[in-house]
Amino acid sequence: MYAESIDSIRFTVISPEAIKKISVAKLVVPDTYNEDGYPIDGGLIDQRLGVIDPGLRCKTCGGRAKSCMGHFGHIELIRPVVHPEFARLVFMIMQSTCDSCYRVLVSEKDIDVLKNGEEEQTASMSKLKSVKKCPHCGAKQKKIKFERPTFFYLEGERLKPDSIRDWVSKISNEDLAIIGIDGNEVRPEWAILSVLLVPPVNVRPSITLENGDRSEDDLTHKLVEIMRINHRLAQDIDAGAPQIIIDDLWELLQYHLTTYFNNETPGVPVARHRSTRPLKTLAHRLKGKEGRLRYNLSGKRVNFTARTVICGDPNLSINEVGVAQTIAERLTTPMHVTHWNIEKAKELIERREYPMAVNVITSEGLRKRVNESNRIELISSISPGWIVERQLMNNDFALFNRQPTLHKMSIMAHRIRVLPGKTMRISVNATTPYNADFDGDEMNLHIPQSIEAIAEARYMMKPTDVILTPRDGSPVMYIDEEGIVGAYFLTSSNTYFEKDEACSILADVGITELPEPEKDGRYSGKSIFSMLLPKGMNYEEGEGGAVVIKDGKLVEGFIRKQTIGSGKGLLLKKIYVDYGGEAVADFIYKLTRITYRVVYSKGFTIGVKDYLTNQNIEKESSKIVEETREKARKILESYKTGKMEVLPGYNRRETYEMLVHATTGSARGTGVKYIERTFGTDNMAFLIPTLGARGGIQNLVQGLMFLGQQSVRGNRITRGYSGRVIPYFKRNDKSPEAKGFIASSFMNGLEPKEFYLHAMGARDSTMGKALVTAVSGYLMRRLIHALQDLYVEDDMSVRNAAGDIIQPIYGSDGIDTIYETL
Amino acid sequence: MSEKKGEISYGEPVGVVTAQSIGERSTQMVLRTFHSAGITSQVVSAGLPRLIEILDARKKPKHPTMTITFDKGVASDYESVKEIKKKIEEVRVGSLVGSFEENLKAGTMVLNMDREAMTEHSMTVKKIMDIISARFPDVELSNEGEKISVRYKKKKDIKSVRTAFVNIRGEIVSGVEGIEKAVVNSEGNAFYISTSGSNLSGVLEVDGVKEENVYTNDVFGIFNVLGVEAARTAILNEMMQVFAIEDTKINVKHAMLIADAMTHGGTVKSIGRHGLAGDKESVFARAAYEETIKHFVNAAFFSETDRLRGVAENIIIGRQISVGTGRVKLMIKNKDLEKVKPAD
Chain A
1 MYAESIDSIR FTVISPEAIK KISVAKLVVP DTYNEDGYPI DGGLIDQRLG VIDPGLRCKT
61 CGGRAKSCMG HFGHIELIRP VVHPEFARLV FMIMQSTCDS CYRVLVSEKD IDVLKNGEEE
121 QTASMSKLKS VKKCPHCGAK QKKIKFERPT FFYLEGERLK PDSIRDWVSK ISNEDLAIIG
181 IDGNEVRPEW AILSVLLVPP VNVRPSITLE NGDRSEDDLT HKLVEIMRIN HRLAQDIDAG
241 APQIIIDDLW ELLQYHLTTY FNNETPGVPV ARHRSTRPLK TLAHRLKGKE GRLRYNLSGK
301 RVNFTARTVI CGDPNLSINE VGVAQTIAER LTTPMHVTHW NIEKAKELIE RREYPMAVNV
361 ITSEGLRKRV NESNRIELIS SISPGWIVER QLMNNDFALF NRQPTLHKMS IMAHRIRVLP
421 GKTMRISVNA TTPYNADFDG DEMNLHIPQS IEAIAEARYM MKPTDVILTP RDGSPVMYID
481 EEGIVGAYFL TSSNTYFEKD EACSILADVG ITELPEPEKD GRYSGKSIFS MLLPKGMNYE
541 EGEGGAVVIK DGKLVEGFIR KQTIGSGKGL LLKKIYVDYG GEAVADFIYK LTRITYRVVY
601 SKGFTIGVKD YLTNQNIEKE SSKIVEETRE KARKILESYK TGKMEVLPGY NRRETYEMLV
661 HATTGSARGT GVKYIERTFG TDNMAFLIPT LGARGGIQNL VQGLMFLGQQ SVRGNRITRG
721 YSGRVIPYFK RNDKSPEAKG FIASSFMNGL EPKEFYLHAM GARDSTMGKA LVTAVSGYLM
781 RRLIHALQDL YVEDDMSVRN AAGDIIQPIY GSDGIDTIYE TL
Chain B
1 MSEKKGEISY GEPVGVVTAQ SIGERSTQMV LRTFHSAGIT SQVVSAGLPR LIEILDARKK
61 PKHPTMTITF DKGVASDYES VKEIKKKIEE VRVGSLVGSF EENLKAGTMV LNMDREAMTE
121 HSMTVKKIMD IISARFPDVE LSNEGEKISV RYKKKKDIKS VRTAFVNIRG EIVSGVEGIE
181 KAVVNSEGNA FYISTSGSNL SGVLEVDGVK EENVYTNDVF GIFNVLGVEA ARTAILNEMM
241 QVFAIEDTKI NVKHAMLIAD AMTHGGTVKS IGRHGLAGDK ESVFARAAYE ETIKHFVNAA
301 FFSETDRLRG VAENIIIGRQ ISVGTGRVKL MIKNKDLEKV KPAD
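Protein chains in written order, with the working numbering: chain A, 1 to 822; chain B, 1 to 344.
Calculated from the structure, these hints are not laboratory results. Keep in mind that the hints are not guaranteed to be accurate.
Claimed, not checked - Rough simulated footprint, nothing fancy, chain B against chain A, three-plus residues with beta-carbon under 8 Å:
| id | stretch |
| --- | --- |
| 1 | 19–32 |
| 2 | 284–293 |
| 3 | 807–814 |
Backbone N, C-alpha and C define an ideal beta-carbon position, used for all residues, glycine too.
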């Protein structure tokens with residue numbers, strides 16, 4: 001790694017001498033090409049600055065477009081100009097120095113204190129500006145003023161850049177050191193430009209349009225203008241033009257330089273292209289999301305990647321990824337040739353079809369593509385120390401990623417399985433950490449290219465290595481939906497299988513032994529489940545042992561969401577901690593297959609019938625709705641008569657709204673209770689939310705009973721016309737239904753007015769979601785930037801990049817958060 | 001599980017882990033500041049806006065609130081709690097005035113005091129007049145029963161007369177400044193006071209209030225009165241409170257790390273460009289975050305050196321980052337290397 005040798009990078013201001021030293025050409029002609037379309041010597045496309053046209057040779061280094069990296073030129077400005085970005089800093093220096101003796105406005109005594117104190121200190125420039133009398137020569141300090149972007153005034157009189165330069169160049173290095181400037185590195189007069197550095201042409205390439213016209217880069221345009229004004233200024237000065245004209249041109253030169261550096265300088269009109277498009281100048285290239293820093297320097301692009309649509313595959317383990325043949329053929333992984341695998345390497349080079357070697361890298365580091373002409377030669381000359389780049393094969397490791405990459409589980413290492421088809425496939429159980437689904441999602445595949453990277457992927461980045469999230473210690477991959485239903489059927493107390501059923505279930509996941517049969521020769525679901533558990537495992541869950549596993553056998557309770565599902569996944573965590581990641585992958589894979597199989601062999605379906613089992617539901621719904629209305633009516637009455645007790649801290653109207661909202665809002669809860677009371681677990685539509693497999697009982701209430709209170713911005717719906725939401729209602733109707741309480745169910749359909757209110761609530765929540773992603777995205781960027789340098793030192797303290805201790809021991813006990821259960 | 005196994009690994013980038021844990025949760029939060037409805041009367045700001053408020057280390061929270069509990073003896077006594085509440089709640093002249101007439105040209109104002117409001121706050125006309133005359137030496141006061149006449153002595157323009165009158169009506173006659181409202185609540189049979197508005201130093205001076213029983217959600221207030229250590233705990237508590245209200249679980253260690261990072265410099269620094277991210281030692285790291293030009297220009301003028309120790313700057317120069325597995329190097333002794341040479 002070449003970059004390893006960089007120890008530090010120092011930033012300084014470039015001096016006029018340094019500019020002239022690195023410059024290969026003094027540019028004098030304010031133009032680009034001549035009539036023949038040939039670059040003008042001394043123009044802005046001078047061939048000494050490098051070439052961009054294929055076929056031409058650089059006049060400095062003799063290289064062609066690709067090999068010449070470009071050379072700087074310079075323009076000599078006829079009058080000095082203030083560098084706009086440094087203007088404020090120059091002003092601060094002037095404020096801190098005497099206007100007659102040019103010493104820093106700190107007395108010798110204070111200088112001594114600053115220099116010889118315990119730590120060397122600098123004087124604050126913002127304090128020196130208020131010094132009225134020079135402590136050295138005793139001169140009374142004149143008023144100096146700065147106006148954006150580059151105007152300086154001394155006692156109301158305009159200071160020209162040359163007098164500014166004269167001022168600051170008289171300040172000694174010793175005095176500069178007192179205000180924190182190292183005069184050996186940076187002299188303040190360098191901030192007043194007399195020579196302008198011109199970037200090489202390949203920094204500002206011109207493009208040839210279809211009609212043969214050339215279109216110059218914005219920077220070139222700006223530089224042409226700078227040179228043009230510079231030229232005119234020189235002519236006018238030579239011709240002895242009046243001072244006013246010269247000053248105007250000087251100011252114009254200042255303007256062009258200001259916009260050349262930053263076309264968004266406050267207080268300066270934006271320089272525009274002929275088409276009125278604002279010019280993109282130097283500052284633009286660096287700034288912001290699409291700028292050099294964030295787009296190109298912090299965001300690296302890489303090779304050895306693939307991206308396609310993903311789909312699910314129930315036959316894959318969570319540690320696997322299915323890769324299309326076409327992808328596997330194109331991507332390569334390095335194989336370091338050793339004494340032990342040299343025969344295999346030769347075999348790969350010899351092959352003419354998948355899997356074969358694509359490139360070889362000799363021990364000298366020369367990369368050669370394997371082809372018909374060199375195949376034989378390569379096989380004979382290959383020796384340990386070479387690297388063979390071969391096509392991807394099963395069991396190689398690849399990093400798999402889905403954007404947005406919100407947490408570390410958004411990039412995980414999967415073992416490759418080359419499979420037919422054109423998509424990339426993952427286990428359905430591995431979708432949660434990526435937040436992926438298969439409605440057209442695409443994902444990225446990266447092939448690690450060094451031994452360290454491969455090892456890191458393999459031993460630290462597999463899904464099973466990161467199955468526990470450091471956020472709260474719960475598993476991010478688990479069994480859900482039909483898996484939960486299946487686990488319930490499988491492990492309920494009254495589930496038994498005949499021998500042939502038990503055999504086929506277990507054989508399906510590769511288990512060839514049977515558990516102990518029951519007395520009647522059948523096999524209990526619990527005992528079949530126990531076959532999946534690690535041998536000798538002990539586990540207890542819930543108070544009083546709702547689920548008990550003893551010596552690797554499930555003896556009590558049925559497997560529920562808490563055990564293997566999202567949120568807690570206690571059993572999964574236990575297996576991970578005690579038996580390791582592979583055991584979890586194995587358990588999840590087998591349990592998923594078995595539960596799916598149980599679900600479809602037993603038959604599991606819901607239909608409208610499941611929702612229509614209760615004849616009294618209509619009556620009960622209208623009873624709850626009527627009760628809600630009655631309660632609201634009573635609150636309204638007490639509000640109107642003034643008997644309502646005002647809640648402390650609120651006024652009457654607010655109290656009324658809160659009470660009514662609480663009442664109408666609780667109606668749905670009453671509905672939930674009714675359904676919980678009257679539906680049984682024999683009803684599949686009720687079983688699903690009860691087990692936590694999918695949805696909530698609220699969905700049943702909204703489907704069968706009533707929708708309940710809709711809300712916008714957390715309140716009952718009040719917006720719309722004066723005193724009413726829609727003209728359907730009477731003005732100032734404060735009743736539940738006028739303010740968003742919907743008494744109809746999805747089953748019975750909504751009234752138009754209800755539909756409208758429902759749509760209002762839905763829009764509010766959709767908008768809320770859209771807004772929250774933008775806000776929280778920025779929050780996350782800020783958090784990452786603030787905390788990314790923190791790491792755990794070998795003494796378990798948390799440190800930042802500078803080595804400061806943030807925490808003496810991580811989290812006060814040094815325990816990794818994944819091992820903690822909340 | 002052995003104790004060693006649970007230990008955090010060397011080099012673990014705990015900062016990023018924390019940022020991701022908090023950031024990922026914040027995606028699922030609501031954007032509105034909701035008020036906890038019903039029984040408790042407190043306005044609790046919650047959700048994403050509150051989280052951002054804490055992380056930004058805002059000088060004043062949008063909904064500052066204090067909770068003052070009492071020791072067993074006092075807590076069950078409603079009357080004495082109410083007495084203390086009266087001492088805490090800020091009362092302004094204006095809130096004791098039933099109606100008023102002002103003549104700005106003549107520089108006079110008549111305040112008709114509201115007797116009920118006055119007895120409620122145990123105030124007398126005399127007391128109020130004393131307070132006004134102490135604070136506003138430029139006015140002359142006289143009263144006729146519950147009517148207080150105010151006359152502006154100096155001849156001045158209407159604007160300054162008006163400002164003076166508005167200020168008189170806004171003058172605090174009792175209570176702690178900043179406590180806009182105080183309410184006595186109860187939990188079980190223990191009464192406590194919750195307020196909207198916060199002024200920690202002010203409330204601590206009130207008789208009958210014990211330091212250990214006062215809580216405020218104003219992190220800066222705590223910092224100013226009790227120092228960084230307390231501010232660190234406050235940040236931690238307030239963050240956990242946000243997650244508790246949202247009913248999302250998050251390991252305390254993440255909140256602890258953020259609180260420690262924000263306060264390790266001895267003051268409360270925000271997450272963001274004016275705080276932690278803007279104070280980094282690396283020029284590149286700051287430039288890659290926000291205000292790119294400003295950081296480069298200043299770095300150049302003061303000839304700063306980037307020592308390339310952090311993550312962002314190493315990514316920029318294309319070097320392995322200095323946390324996680326990038327921190328460790330694998331080495332082998334030359335004499336061990338001989339052992340792995342092929343046998344033949």
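Quick rundown of the hints versus the structure:
By the rule of at least three residues with a Cβ nearer than 8 Å to a Cβ of chain B, the coverage given for the stretch 19–32 of chain A is violated, with 0 such residues. Residues of the stretch 284–293 of chain A with a Cβ under 8 Å from some Cβ of chain B number 5, which satisfies the need for three, so the listed coverage holds. Judged by the Cβ-Cβ criterion of 8 Å, the stretch 807–814 of chain A is covered by chain B as claimed, because 5 of its residues qualify and three suffice.
Going down the numbered hints, you'll see the structure goes against just number 1.
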